[in-house]
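Note that the protein sequences, when read in sequence, are chains A and B.
Quick note, the first sequence lines up with residues 354 to 493 if you use the working numbering.
Quick note, the second sequence lines up with residues 539 to 886 if you use the working numbering.
No wet-lab data here; the hints were simulated from the structure.
The C-beta atom is built at its ideal place from N, Cα and C for all residues, glycine as well.
One or more of the hints may lead you astray.
Unchecked claim - Capping the alpha-carbon separation at 20 angstroms, the derived lysine to any residue pairs in SDA-like fashion look like this:
#: 1; chain 1: B; residue 1: K567; chain 2: B; residue 2: G750
#: 2; chain 1: A; residue 1: K401; chain 2: B; residue 2: P554
#: 3; chain 1: A; residue 1: K401; chain 2: B; residue 2: K567
#: 4; chain 1: A; residue 1: K401; chain 2: B; residue 2: K849
#: 5; chain 1: A; residue 1: K401; chain 2: B; residue 2: H574
#: 6; chain 1: A; residue 1: K401; chain 2: B; residue 2: D547
#: 7; chain 1: B; residue 1: K567; chain 2: B; residue 2: S577
#: 8; chain 1: A; residue 1: K401; chain 2: B; residue 2: P557
#: 9; chain 1: A; residue 1: K401; chain 2: B; residue 2: S577
#: 10; chain 1: B; residue 1: K849; chain 2: B; residue 2: G555
#: 11; chain 1: B; residue 1: K567; chain 2: B; residue 2: T599
#: 12; chain 1: B; residue 1: K567; chain 2: B; residue 2: R589
#: 13; chain 1: A; residue 1: K401; chain 2: B; residue 2: D792
#: 14; chain 1: A; residue 1: K401; chain 2: B; residue 2: S844
#: 15; chain 1: A; residue 1: K401; chain 2: B; residue 2: H556
#: 16; chain 1: A; residue 1: K401; chain 2: B; residue 2: A787
#: 17; chain 1: A; residue 1: K401; chain 2: B; residue 2: S549
#: 18; chain 1: B; residue 1: K567; chain 2: B; residue 2: D826
#: 19; chain 1: A; residue 1: K401; chain 2: B; residue 2: E617
#: 20; chain 1: B; residue 1: K567; chain 2: B; residue 2: S549
#: 21; chain 1: A; residue 1: K401; chain 2: B; residue 2: G550
#: 22; chain 1: A; residue 1: K401; chain 2: A; residue 2: I448
Said to hold, decoys possible - Not close to chain B: a few residues of chain A, all C-beta gaps over 12 angstroms, as computed:
#: 23; residue: E379
#: 24; residue: L396
#: 25; residue: T400
#: 26; residue: I422
#: 27; residue: V439
#: 28; residue: S457
#: 29; residue: E474
#: 30; residue: L483
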Amino acid sequence: MTALRTIAVGFDGSPDADTAARWAFELAVQVDAEVILVHAVGLIEHTKRQSVVAVLEDSVRTLIDEGGIEPPRVRLHVADGDACSVLLRATDAPINADLLVVGSRGQGAHAGMLLGSTSLELAEHSTIPLVIVPATRDPE
Amino acid sequence: MLFLNGPTDDSGHEEPGHPERPDRITAVKAGVDDLHLGSDLVIVPQYSATRAQLSRVHEGTYLDQLGVFCYEGGGDIDEDTYATYDSWSIAQYAAGGGLAVIDALRRYNDGVGFIAARPPGHHALRDRAMGFCLLNNVAVAAASLTSEGERVLIVDWDVHHGNGTQAIFWNDPNVLYVSTHEWPLFPGSGIAQEVGGTNALGLTVNLPLPPGATGDIVRRALDEVAAPVIDAFEPTWVLVSAGFDAHRADPMADLALSSGDFAALARTVAGFAPGPGRLALFLEGGYDLGALRSSVAATLSTLLGSSYQPKSATTGGPGGDMVNRMRDERLVALRQAQEVASSEEPSR
């Protein structure tokens, strides 16, 4: 089994992506790995890319503050593309991920499994291990 | 002669504030009107693609799910793509437009076809909607042609890579897919090393261009990298995924083409057609309405020989060095794929 050095997390700013990031932070602290939060810029987001990145950077800072992880161990990677394609390419440079982590429902899951689920498609095509972190559930 | 197909009413496929909107068709029709074609304009009646015709390129379960999703009122499919109650019907007409136009071109054995329909199609995969696209309109037409023994060249000059079309015909030896597009950009696919599947090695030609690239670079890539492959393929039909979002005014991307560049591209692509009545263009992207109108007029004017004067073609942008590189990268990838394919052939 290869050493776990780099964990790529699908990060679209949704609560479920935050949950996945927190889970990845905990794992990274245990195994001394780096976490790269990967955001795919879609067609419409491309037109407001700078403001989207600024919001995501704020979210990352908040997660780092809450997560008890050393800030240098976490970075944000933004790439134009379909979320699935971008995450599948996380195995290549410059990310070179050893593990993919995604939330079970991202912002892109509006129509659920009917018309395409990123996590299901990753499960089918990923060449590295994939962890799907269940959505946060209200204990009530 | 222009054989034009488009919606009589596509107002039901709209989401407030979304850039893929009915006004786009209004702009396209204005571009056609600017040419004053008179009796050279033939309106091809709407035609709704049948399930059998759609099933050549889409999985049945996907068609069922999309139909039900719309019937139940629709909604957002992903952060870019939406459907409404009316979208299923409108998308079927968009997918059938190419079939109707090809039928007309065959009857006249002359002219040029233009399917000015929406939603666009080239991102739609066999089993998934994405990138504003529900059904892959150009693929439905190409698959119909290949089912009758034709060899189809698809030139995709939309600024985004047509990942859906590429995937659908990845392993089809009767379809040559050539795409010029900005890279990196949505959907993230379309590098030069993607050359086709085992049964169609070399029949995917991707020409990725950097932001700011001008029309001369796009034409160089087509002339120097794609044209030899097209000549060897000897297409019997040429279909164009004609997006106009590579225009410098378009908000969705960062290439720097003018309407004159689309005229020049049209001239190049028309040269790939084997004869009259074998060229049809399908509207894909294009979201700045003024640029869309002028680019459509410039494109069709070139193909029809009318006197419309577009803006000058552009030159001098970045990417010239990439043309040689994409040709080299493509050749290396092709050689490697051929070696893998031959090593996997069963020994006698």
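Right, here's what the structure says about each hint:
1. At most 20 angstroms may separate the alpha-carbon atoms for a hinted pair to count; B/K567 and B/G750 exceed this at roughly 28 angstroms.
2. Under the criterion of a C-alpha separation no larger than 20 angstroms, the hint pairing A/K401 with B/P554 is consistent with the structure, at around 18 angstroms.
3. Straight-line distance between C-alpha atoms of A/K401 and B/K567 comes to about 29 angstroms, which puts the hinted pair past the 20 angstroms bound.
4. Taking the CA atoms of A/K401 and B/K849, the gap is near 28 angstroms; set against the 20 angstroms cutoff, the hint is violated.
5. Pair hint A/K401 plus B/H574 does not hold up; C-alpha atoms about 38 angstroms apart against a cutoff of 20 angstroms.
6. Distance hint between A/K401 and B/D547 is unfulfilled; the C-alpha atoms sit about 31 angstroms from each other, more than 20 angstroms.
7. Proximity of B/K567 to B/S577 is assessed by CA-CA distance (about 16 angstroms); at most 20 angstroms being required, the pair is judged to hold.
8. Of the supplied pair hints, the one linking A/K401 and B/P557 holds, its CA atoms being roughly 13 angstroms apart against a limit of 20 angstroms.
9. Pair hint A/K401 plus B/S577 does not hold up; C-alpha atoms about 44 angstroms apart against a cutoff of 20 angstroms.
10. Pair hint B/K849 plus B/G555 does not hold up; C-alpha atoms about 29 angstroms apart against a cutoff of 20 angstroms.
11. Restraint check: the Cα-Cα separation between B/K567 and B/T599 comes to about 35 angstroms, which exceeds 20 angstroms; the hinted pair is violated.
12. About 29 angstroms separates the Cα atoms of B/K567 and B/R589, which puts this hinted pair outside 20 angstroms; it is violated.
13. Of the pairs offered as hints, the one joining A/K401 and B/D792 holds, with about 13 angstroms between alpha carbons and a cut-off of 20 angstroms not exceeded.
14. With a CA separation close to 39 angstroms, the supplied pair A/K401 and B/S844 exceeds the 20 angstroms bound.
15. Our distance criterion of 20 angstroms between C-alpha atoms is met by A/K401 and B/H556, whose separation comes to about 14 angstroms.
16. Restraint check for A/K401 and B/A787: the C-alpha separation of about 15 angstroms stays at or below 20 angstroms, so the hint holds.
17. Note on A/K401 and B/S549: the hinted pairing is violated, with a Cα-Cα distance of about 26 angstroms set against a maximum of 20 angstroms.
18. At most 20 angstroms may separate the alpha-carbon atoms for a hinted pair to count; B/K567 and B/D826 meet this at roughly 14 angstroms.
19. With a CA separation close to 14 angstroms, the supplied pair A/K401 and B/E617 stays within the 20 angstroms bound.
20. Our distance criterion of 20 angstroms between C-alpha atoms is met by B/K567 and B/S549, whose separation comes to about 15 angstroms.
21. Between the alpha carbons of A/K401 and B/G550 the distance comes to roughly 27 angstroms, so the proposed pair goes past 20 angstroms and is violated.
22. Taken as a hint, the A/K401 and A/I448 pair is broken in the structure, with Cα atoms around 24 angstroms apart against an allowance of 20 angstroms.
23. Here A/E379 stays apart from chain B, with its beta-carbon at least about 28 angstroms from theirs, past the 12 angstroms limit.
24. At roughly 5 angstroms from the closest C-beta of chain B, the C-beta of A/L396 falls inside 12 angstroms, breaking its exclusion from the interface.
25. Here A/T400 does not stay apart from chain B, with its beta-carbon only about 5 angstroms from theirs, under the 12 angstroms limit.
26. With a least CB separation of 28 angstroms from chain B, A/I422 remains clear of the 12 angstroms interface cut-off, as annotated.
27. With a closest Cβ-Cβ approach of about 5 angstroms to chain B, A/V439 is found to fall inside the 12 angstroms limit, against its non-interface label.
28. With 12 angstroms as the threshold on Cβ separation, the claim that A/S457 sits away from chain B holds: the shortest Cβ distance comes to roughly 16 angstroms.
29. Consistency note on A/E474: stated as away from chain B, yet its beta-carbon is not over 12 angstroms from all of that chain's, at 8 angstroms minimum.
30. With 12 angstroms as the threshold on Cβ separation, the claim that A/L483 sits away from chain B holds: the shortest Cβ distance comes to roughly 18 angstroms.
In the structure shown, a violation is registered for the earlier hints numbered 1, 3, 4, 5, 6, 9, 10, 11, 12, 14, 17, 21, 22, 24, 25, 27 and 29, in ascending order.
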